[in-house]
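Asks: These are the residues of each chain, in order.
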Amino acid sequence: LAKTTQPISMDSYEGQEVNITCSHNNIATNDYITWYQQFPSQGPRFIIQGYKTKVTNEVASLFIPADRKSSTLSLPRVSLSDTAVYYCLVGDKRGKLIFGQGTELSVKP
Amino acid sequence: GAVVSQHPSWVICKSGTSVKIECRSLDFQATTMFWYRQFPKQSLMLMATSNEGSKATYEQGVEKDKFLINHASLTLSTLTVTSAHPEDSSFYICSAREGTGGNTEAFFGQGTRLTVV
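If you read the sequences in order, they're chains U and F. Counting from 75, one number per residue, gives the positions in the first sequence under my numbering. Counting from 3, one number per residue, gives the positions in the second sequence under my numbering.
Bear in mind the hints are in silico, worked out from the structure with no lab data behind them. For clarity, every value in this text was computed on a predicted model and none was experimentally measured. Idealized CB from N, CA, C, for every residue including glycine. Relax, there's no trap hidden among the hints.
Partial chain U-side listing against chain F, Cβ under 10 Å, derived: (1) Gln112; (2) Gln116; (3) Val159; (4) Phe173; (5) Gly176.
Work the whole structure out from these sequences, hints included.
Replies: Right, dumping it as structure tokens:
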């Protein structure tokens, strides 16, 4: 399973765009990239998933370069409620999900 | 999105007793369910993968006789922590994948906080 590396923590202010980059140098051909958000004492919540190029939904965008060795989660105009831990996971769509250390995002007023 | 429900949300038990945690997929059939454990300020650690109708596959270092997993139906998996001790106190989270359809997104339960005293 491809290992992922993310910054341990990030700080931002309300209204800013936040970009969290994840490295996954050993990503396999069948692997997808999925991002989850977790609040304290809650289960992770799905944010976005992609395979290549760019994916956008109502809450985030995911940018994946051609070599797929990294990906960037973009959160537009963050608010205080976006303070959470964000996990980048890499794996095939039917395999087990292995969590890395995650990025603790702190949004300040 | 699909809903995965865990019960109970929290439980306190005495050392030496067993505790059962239920994980249900409410609006889809889950052929595969995953159980995780999470200690404070740490990431989720995968304990085991359970497939409906077959034995669970445990991750290295996880005692299968201590953490009993049963996935008897397509909507229910249970994790039983046997002879619990204070070091088993943790946040347990289940996850479920839908069956054979194209959408194989994994959905997570809200977690169960276990405290062993």
